[in-house]
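Student: Given next are the chains, with one letter for each unit.
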Amino acid sequence: MGLVQVVLGGTVTASRAGDGESFRTLAREQLPRLYSVARRLIGEDAEDAVQDCLLKAFQRFGQLQDPAAGPAWLMSILVNCCRDRGRANARRPEEIDFEEVEQFSLYRKLAYEDPLPYSDSLHLDFLSEFGPEDVRAVLLRLPSRYRIPLVLVYMDGYLAKEVAGMLDLPLGTVLAQLHRGRKLFEKQLWDYATSLGLLRGAPT
Amino acid sequence: MISCAEATRQLWEYLDGAVDATARDAIDEHLARCRRCCGELEFAHELRRFLASSARNGIPDDVLQRLNHTLEELGLWVAT
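Listed in order, the protein sequences are those of chains A and B. The first sequence begins at 1 in the numbering used here and counts up by one. The second sequence begins at 1001 in the numbering used here and counts up by one.
Hints were generated in silico from the structure; no laboratory data involved. Don't take every hint at face value.
[Stated by the list, open to error] Derived contacts from chain B toward chain A, CB cut-off under 10 Å, selection only:
{"no.": "1", "residue": "Thr1008"}
{"no.": "2", "residue": "Trp1012"}
{"no.": "3", "residue": "Glu1013"}
{"no.": "4", "residue": "Ala1044"}
{"no.": "5", "residue": "Leu1047"}
{"no.": "6", "residue": "Arg1048"}
{"no.": "7", "residue": "Ser1053"}
{"no.": "8", "residue": "Leu1067"}
{"no.": "9", "residue": "Glu1072"}
[What the hints assert, rightly or not] Derived Cβ-Cβ restraints for the label pairs, each shown as a range:
{"no.": "10", "chain 1": "B", "residue 1": "Met1001", "chain 2": "A", "residue 2": "Glu95", "range": "33 to 41 Å"}
{"no.": "11", "chain 1": "A", "residue 1": "Asp66", "chain 2": "B", "residue 2": "Asp1061", "range": "28 to 36 Å"}
{"no.": "12", "chain 1": "A", "residue 1": "Leu140", "chain 2": "B", "residue 2": "Glu1042", "range": "22 to 30 Å"}
[Stated by the list, open to error] 16 Å max Cα-Cα, derived EDC-like pairs, lysine to aspartate or glutamate:
{"no.": "13", "chain 1": "A", "residue 1": "Lys161", "chain 2": "B", "residue 2": "Glu1013"}
{"no.": "14", "chain 1": "A", "residue 1": "Lys56", "chain 2": "B", "residue 2": "Glu1073"}
{"no.": "15", "chain 1": "A", "residue 1": "Lys109", "chain 2": "A", "residue 2": "Asp125"}
{"no.": "16", "chain 1": "A", "residue 1": "Lys161", "chain 2": "B", "residue 2": "Asp1016"}
From the three backbone atoms N, C-alpha and C, an ideal C-beta is built for every residue, glycine too.
Given the sequences, and given the hints that come with them, work out the whole structure.
Tutor: Structure (structure tokens):
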């Protein structure tokens, strides 16, 4: 299906055989990384997002001037494909009370609620309750506009400035999304723990 | 001195080096005197480490196969 679109679109730029081969070499090398990042960014739709990315990137391969920039260029296309899919799938955005989220401190909440009464390193022990799958589930509860910068910066090591470039957003916007994303993550981590019955006295 | 709320609001930005010099000095001054906010700072560090260490990489064989197949198709089309 995707291939048909490429042909019908008439905008194929990687139309020389040599380009096709170097595109395949680049993409094949990057597939594991693209997929891993897409899993973090949009969960179950990761494979579809990578497919979107391959088709888009193939169409635009002629625009890539510097072969050394290939991996970053592909990642940027992937991130936008994930964002587009996230938008298309988004249900009506949940009302988030940012006033409340802004005031929330997981550190203080833990100290106050003391959910692991026998722990002498409460905060660390709380975090050690979560495996990578839990973290992924918590992240997927965040609206994508907050999740995407959070994942790219704090899990994949990109600079906020680089994320701004990928998403074509002002740096200030990305920094604000990061700030809110972190706060939301703390809040959702707590809510997730509560719903799992991690809290003392909570129903299991 | 800035309040605890003001200091903790900017802790991650502080750790990212994304605050200006004036704000950084104000937070440093606050942290030097406020034990509770030192705890917050330490926890912010831990949370960042926690997020980074939760990143799992890898691609299942069947997914890799399907995506490689897409690539082959693109390549074939170009070659003809």
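Student: Output the numbers, in ascending order, of every earlier hint that fails for this structure.
Tutor: none
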